[in-house]
Amino acid sequence: MIRRAIRFLDQRSGSAPLLRKSLRYLFPDHWSFLLGEVALYAFIVLVATGVYLTFFFDPSTAKEVYHGPYAPLRGFHMSHAYKSVLDISFTVKAGLLIRQTHHWAADVFVAAIVVHLLRIFFTGAYRKPRELTYVIGVLMLFITLLEGYLGYSMADDLLSGMGLAIGYSVALSIPLLGANLALLIWGHPFPGDPSFWSRMYVAHVFILPVVIGTLMFLHLALVASRHHTQFRRQARQTERRLVGVPAFPAQAPRSLGLLAAVAAVLFLLGGLVQINPVWQWGPYTPSLGTNGAQPDWYLGWLIGGMRLVPHFDVTLGKYTLIPNPFWGGALFPLSVLVALVSWPWLERRLTGDHAAHNVLDRPRDAPTRTAIGAGFFTWVLLVFVAGSADRVTVAFGLSYPAQIWVFRVLVVVAPIVVFLLVRRVCRELHQAELIERDRERAEAEARQAAGARAPRPA
Amino acid sequence: MRWLRAAAVALLGALGLARGAGRRERVVQPGEPAPRSELVVAALLLGAAACAVAFCVFYATDSLGHQTQLLGLSLGGALALLSAALIVTGKRLVVEEELEEDYPEPESPDEQEQVTAIVRESARPLTRKRLLAGAAGVAGTALGAALITPALSLGPALDTESLYDAPWRRGTRLVGERGTPYRAAGIETGTFYTAFPEGADPEELGSPVVVVRLDPAALALPAERARWAPDGIVAYSKVCTHAGCAVAIYRKPLFAPAEPRPALVCPCHYSTFDPAAGGKVLFGPAGRALPQLPLEIDATGQLRAAGNFSGPVGPSFWGVRTRRPRST
Ligand code: FES
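Going down the list, the sequences are from chains A and B.
In this text, residue positions in the first sequence follow this note's numbering: the first is 7, and each later residue adds one.
In this text, residue positions in the second sequence follow this note's numbering: the first is 46, and each later residue adds one.
Derived from the structure by calculation, the hints contain no laboratory data.
All C-beta atoms, glycine included, are put in the ideal place defined by N, C-alpha and C.
Where hints are given, some of them may not hold.
As the list claims (entries may be wrong) - Not everything, but these chain B residues come out facing chain A in the computed CB check (under 8 angstroms):
id, residue
1, Gly135
2, Glu146
3, Pro201
4, Thr239
5, Ala288
6, Gly359
Claimed, not checked - Here are the computed lysine-lysine pairs in the BS3-like style, where the Cα-Cα straight-line distance is at most 30 angstroms:
id, chain 1, residue 1, chain 2, residue 2
7, B, Lys325, A, Lys324
8, A, Lys27, B, Lys136
9, B, Lys297, B, Lys325
10, A, Lys99, A, Lys69
11, A, Lys99, A, Lys27
Work out the full structure: start from the sequences and follow the hints.
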């Protein structure tokens with residue numbers, strides 16, 4: 007039966023050799039290699055739940071009066087977009103489950119990518135011959151941020167409207183072309199032309215997912231063509247020789263099990279843990295705002311960036327040239343992107359290491375890289391934390407301006423301190439290991455020598 | 046009896062050997078059977094099925110169909126059990142093989158040579174390479190530009206004047222959300238009001254203003270705005286000049302001398318503006334003062350605009366300058 011099916015397939019597609027190779031593709035065994043898989047599976051859940059949501063969502067700003075089941079909003083004027091999100095939440099059976107699962111999946115997707123990126127960075131997995139894989143991965147991360155932003159902007163509730171206003175301002179703030187660009191995208195000064203809603207919609211449900219999917223395919227194809235990297239856990243694992251478990255049968259049930267586990271967690275979260283209760287925010291209009299507004303976690307670093315930048319516009323007499331949102335909203339993420347993308351080449355410059363690497367470093371094996379990475383991560387993390395300073399003010403009563411000043415100092419000082427500290431720790435760990443190894447070798451030699459001299463037992 | 050069975054086994058074994066001699070080696074290494082674990086996996090799979098059925102039942106039952114928690118629990122439970130079944134399968138039922146192989150060759154120099162040669166040799170007959178490359182470049186650029194041009198229809202990209210629009214003019218009445226005009230006498234100190242231009246689209250950035258009443262003695266407006274605040278009532282654009290959020294917080298000192306002065310605060314990045322000093326930035330990232338709307342009180346005691354804002358409304362852009370907006 008199986009043989010017949012395979013013969014049928016092979017005779018028509020010639021795919022038996024490829025099939026055999028893929029079934030015996032080797033996966034080195036380490037838990038941290040599953041992080042990328044978690045992202046992939048969250049993406050699958052996103053696509054599945056997202057497709058379902060498109061059947062009910064109406065991307066239109068035309069207004070209507072709400073008469074639905076949610077009493078507090080009855081009689082409110084609102085857009086079709088917001089109304090349809092309310093309907094998905096209250097009238098469509100299982101709609102709220104799917105909507106919340108979709109939202110959770112987005113948060114988990116980005117989180118998994120970020121942790122995966124950290125793993126790749128701190129083990130040096132991006133080195134030759136895998137720079138392209140890495141660059142594609144970083145691009146995917148940034149496109150995903152935009153995708154997520156559009157997703158929660160489309161709901162047209164108060165928070166999403168505030169987010170869009172900020173996005174519009176960041177677009178406006180781009181030097182020279184900002185005004186033209188913003189008017190091109192929005193079609194009209196904020197809140198924009200009605201067609202802006204269909205633009206967001208098609209970008210969110212079609213263009214960006216296709217781009218992400220394509221990049222993901224390329225990413226995986228490149229991984230497979232160069233094979234996985236590996237940690238050196240046994241002597242036979244070398245730069246030339248790979249040790250791992252085959253895709254089939256050993257790896258397949260584990261991977262599928264992980265897929266089911268990710269989906270399970272997301273649906274449990276979607277069913278049990280409320281996320282973005284849009285009905286509480288109410289419909290958006292530019293004259294409304296709310297205190298303590300927080301975006302989805304993965305945009306927190308941009309809010310933080312915009313909040314930390316001092317009151318500083320580049321002006322020329324009566325003219326403003328570079329408005330403030332540019333620094334925190336555009337330049338900051340752009341420099342993070344550029345730093346990440348150029349890192350493999352930068353490192354090559356710094357170390358002069360042009361060789362190809364299949365064996366991973368442990369963080370301590372490359373103290374400078376680890377220290378730079380830790381400092382860089384601290385920098386971004388601090389900006390991210392600064393984004394929630396207002397929450398700290400509300401919860402603990404700490405003065406907001408004082409906190410901002412503390413953070414302004416910290417984002418400069420802490421990365422340097424962390425850099426020095428981490429480099430020191432890595433070097434010490436590395437040294438200690440070398441000493442240990444030397445001692446073991448000496449002991450072994452001594453034992454051998456002693457054994458050679460000792461009389462053989464009769 | 047026993048020797049009979051032994052003989053049979055031996056015979057079968059011999060047969061098997063004889064048959065096996067002509068066959069290839071095993072690909073997958075032999076593993077230990079684990080009948081117990083098989084039972085566990087089967088039980089988990091059946092559990093998953095039960096949860097999935099429960100999900101369908103919840104969905105179909107009218108009184109439960111909207112219970113997001115039940116739906117999530119049953120569907121998530123089904124997936125969790127499925128996951129457990131797969132993981133037990135991976136750990137117990139499937140052969141644990143650890144194989145090695147060589148990494149793929151880092152490169153194929155021969156093929157690289159060939160590809161280079163193909164390209165080079167194909168181009169050899171060309172005598173005017175530079176010219177052709179130049180012409181192709183020009184064609185490509187022009188065609189690219191032509192293909193991008195229709196995108197300009199997306200918005201008025203080349204005419205950014207509309208960013209200066211604001212629907213106020215001398216005499217426009219200030220009305221509330223429901224369209225009722227504001228009376229000067231109704232504006233109290235210590236709180237703020239949101240007003241819109243009568244008859245205009247309230248969603249435009251140039252529309253909403255905040256109105257507060259201050260102690261006229263505390264006002265420190267620029268000289269040319271001396272008459273913009275009748276009875277100490279001032280109005281400012283409600284749209285933050287930093288990034289376009291609504292300036293939705295009014296900081297009112299509870300213990301006047303000890304606490305900071307009254308201020309308009311934006312909740313997005315906490316830009317803080319001084320309503321007594323022409324909307325000057327006191328704190329936060331905003332780069333321009335809040336545009337002030339000149340006010341007057343008409344004969345019937347209602348608030349009206351005495352002109353358009355002091356500056357462009359909303360977030361800044363390259364080249365934005367402090368000039369009066371265009372009334373629409
Ligand atoms: S939008 Fe008001 S402070 Fe940024």
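Worksheet item: Taking the least C-beta to C-beta distance, is Thr239 (chain B) closer than 8 angstroms to chain A?
Response: 6 angstroms, holds
Discussion item. With the threshold set at 30 angstroms, check whether the alpha-carbon distance from Lys325 (chain B) to Lys324 (chain A) stays at or below it.
Written reply: 15 angstroms, holds
Worksheet item: Is the shortest C-beta separation between Pro201 (chain B) and chain A less than 8 angstroms?
Response: Holds - the Cβ of Pro201 (chain B) comes within 8 angstroms of chain A, reaching about 5 angstroms at its closest.
Worksheet entry | Holds or violated: Lys27 (chain A) to Lys136 (chain B), with C-alpha atoms at most 30 angstroms apart | 23 angstroms, holds
Item to complete: Report holds or violated for the interface hint on Ala288 (chain B), using the least CB-CB distance to chain A and a cut-off of 8 angstroms.
Response: 4 angstroms, holds
Item to complete: Given the hint that Lys99 (chain A) pairs with Lys69 (chain A), test it: the Cα-Cα distance must not exceed 30 angstroms.
Response: Holds - the C-alpha atoms of Lys69 (chain A) and Lys99 (chain A) are around 24 angstroms apart, at most 30 angstroms.
Fill in: 30 angstroms limit on alpha-carbon distance, applied to hinted pair Lys297 (chain B) and Lys325 (chain B)
17 angstroms, holds
Item to complete: Could you grab the alpha-carbon distance between Lys99 (chain A) and Lys27 (chain A) and see if it respects the 30 angstroms cut-off?
Response: Roughly 45 angstroms between the alpha carbons, so the hint for Lys99 (chain A) and Lys27 (chain A) is violated.
Worksheet item: Going by Cβ atoms only, is Gly359 (chain B) closer than 8 angstroms to chain A?
Response: Check passed: Cβ of Gly359 (chain B) comes within 7 angstroms of chain A, closer than 8 angstroms.
Practice prompt. Using Cβ atoms only, decide whether Gly135 (chain B) comes closer than 8 angstroms to chain A, and label the hint accordingly.
Written response: 4 angstroms, holds
Worksheet item: With a cut-off of 8 angstroms, does the beta carbon of Glu146 (chain B) approach a beta carbon of chain A closely enough for the hint to hold?
Response: 6 angstroms, holds
Hint check: a violation occurs at hint 11 only; the rest are consistent with the structure.
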